[in-house]
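Got chain A sorted already, so can you dock chain B onto it with the hints?
Chains A and B are the protein sequences, given in the same order. Here the first sequence is numbered in our numbering, starting from 6 and rising by one per residue. Here the second sequence is numbered in our numbering, starting from 49 and rising by one per residue.
These are calculated hints, taken from the structure and not from any lab test. A few of these clues could be false.
Said to hold, decoys possible - Simulated restraints on C-beta separations:
1) B:Glu110 with A:Pro118: 39 to 47 Å
2) A:Gln110 with B:Val60: 28 to 36 Å
3) B:Thr160 with A:Gly109: 25 to 33 Å
4) B:Glu127 with A:Arg86: 16 to 24 Å
5) A:His117 with B:Ile125: 18 to 26 Å
6) A:Leu85 with B:Lys66: 20 to 28 Å
7) B:Met102 with A:Gly97: 17 to 25 Å
8) B:Lys118 with A:Asp72: 44 to 52 Å
9) B:Thr134 with A:Gly109: 19 to 27 Å
10) A:Glu50 with B:Leu89: 19 to 27 Å
11) A:Ile79 with B:Asp99: 33 to 41 Å
12) B:Tyr58 with A:Gly109: 21 to 29 Å
13) A:Pro45 with B:Val60: 35 to 43 Å
Claimed, not checked - Dumping the calculated DSSO-like pairs for lysine-lysine here, alpha-carbon to alpha-carbon at most 30 Å:
14) B:Lys105 with A:Lys8
15) B:Lys51 with B:Lys105
16) B:Lys66 with B:Lys101
17) B:Lys66 with B:Lys119
18) B:Lys103 with A:Lys8
Said to hold, decoys possible - According to the in silico footprint, chain B covers these stretches of chain A (three or more CB under 8 Å from chain B):
19) 32-40
20) 48-55
In this text, a Cβ means the ideal position worked out from N, Cα and C, and glycines have one as well.
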Amino acid sequence: DAKTTQPNSMESNEEEPVHLPCNHSTISGTDYIHWYRQLPSQGPEYVIHGLTSNVNNRMASLAIAEDRKSSTLILHRATLRDAAVYYCILRGAGGTSYGKLTFGQGTILTVHP
Amino acid sequence: DVKVTQSSRYLVKRTGEKVFLECVQDMDHENMFWYRQDPGLGLRLIYFSYDVKMKEKGDIPEGYSVSREKKERFSLILESASTNQTSMYLCASSLLAGGPYEQYFGPGTRLTVT
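Excised from the complex, chain A in its bound form (with noise of 0.2 Å):
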């Protein structure tokens, strides 16, 4: 899977909107944008993913540049649960090494009361 980078760190504050940045440069045109979270001490929890469109769920939207090079995970009203490791990630549409998922380093989001 190709590359992305993100801050290693953020922060907020409650209430408040969050855009998570990420740039994937060397994406390709089957790749899918994912976005996974990680709270302390729990297991990672699916977020978002899209193509090309943006996309919108009950957790987030996910906003994904023209050219594809970039995409931002978008909390409309931070809370305390919000408080995570966040994951951006690509996957091919083939489902090469059969679907595994490799996260990079992350953001750490700080939401303050």
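For chain B alone, coordinates are given in the frame of chain A:
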């Protein structure tokens, strides 16, 4: 919502013991995975199963085996536990492998081998 459950959240075992970790998913997913997660090493795939009784080795299968007798259940077996198998073990499932399909994780089992 998809639910993936693991048999234990915390487990302490002695060196040489045989250890069974069980994982159950309730969404009729084809694919199930066992990972371990260690600080600084990220997520590493141990084994993967794409169907009942079918399994494939992941990146670090040594010292582990798996069993998938029913679609919803995927077991990880440590044949003879060693201290270097102290880790967080994560089970995941997905409908199919590949880009469009998300994986759902269980809460994890923190295993300590003494």
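So, going through the hints one by one against the coordinates:
1. B:Glu110 with A:Pro118: 39 to 47 Å: holds, 46 Å
2. A:Gln110 with B:Val60: 28 to 36 Å: holds, 29 Å
3. B:Thr160 with A:Gly109: 25 to 33 Å: Distance hint for B:Thr160, A:Gly109 holds at roughly 27 Å.
4. B:Glu127 with A:Arg86: 16 to 24 Å: For A:Arg86 against B:Glu127, whose Cβ atoms are near 39 Å apart, the range 16 to 24 Å is violated.
5. A:His117 with B:Ile125: 18 to 26 Å: About 44 Å separates the Cβ atoms of A:His117 and B:Ile125, which means 18 to 26 Å is violated.
6. A:Leu85 with B:Lys66: 20 to 28 Å: violated, 41 Å
7. B:Met102 with A:Gly97: 17 to 25 Å: Holds - the Cβ-Cβ distance for B:Met102 and A:Gly97, about 21 Å, lies within 17 to 25 Å.
8. B:Lys118 with A:Asp72: 44 to 52 Å: Since the Cβ atoms of B:Lys118 and A:Asp72 sit about 45 Å apart, the hinted range of 44 to 52 Å holds.
9. B:Thr134 with A:Gly109: 19 to 27 Å: holds, 24 Å
10. A:Glu50 with B:Leu89: 19 to 27 Å: Check passed, 20 Å falls within 19 to 27 Å.
11. A:Ile79 with B:Asp99: 33 to 41 Å: Distance hint for A:Ile79, B:Asp99 holds at roughly 37 Å.
12. B:Tyr58 with A:Gly109: 21 to 29 Å: Holds - the Cβ-Cβ distance for B:Tyr58 and A:Gly109, about 27 Å, lies within 21 to 29 Å.
13. A:Pro45 with B:Val60: 35 to 43 Å: About 20 Å separates the Cβ atoms of A:Pro45 and B:Val60, which means 35 to 43 Å is violated.
14. B:Lys105 with A:Lys8: holds, 23 Å
15. B:Lys51 with B:Lys105: holds, 24 Å
16. B:Lys66 with B:Lys101: holds, 21 Å
17. B:Lys66 with B:Lys119: Given that 30 Å is the threshold and the Cα spacing comes to 23 Å, the pair holds.
18. B:Lys103 with A:Lys8: holds, 27 Å
19. 32-40: Since 4 is at least three, the answer is holds.
20. 48-55: The restraint on the segment 48-55 of chain A holds, since 5 of its residues have a Cβ under 8 Å from chain B and three suffice.
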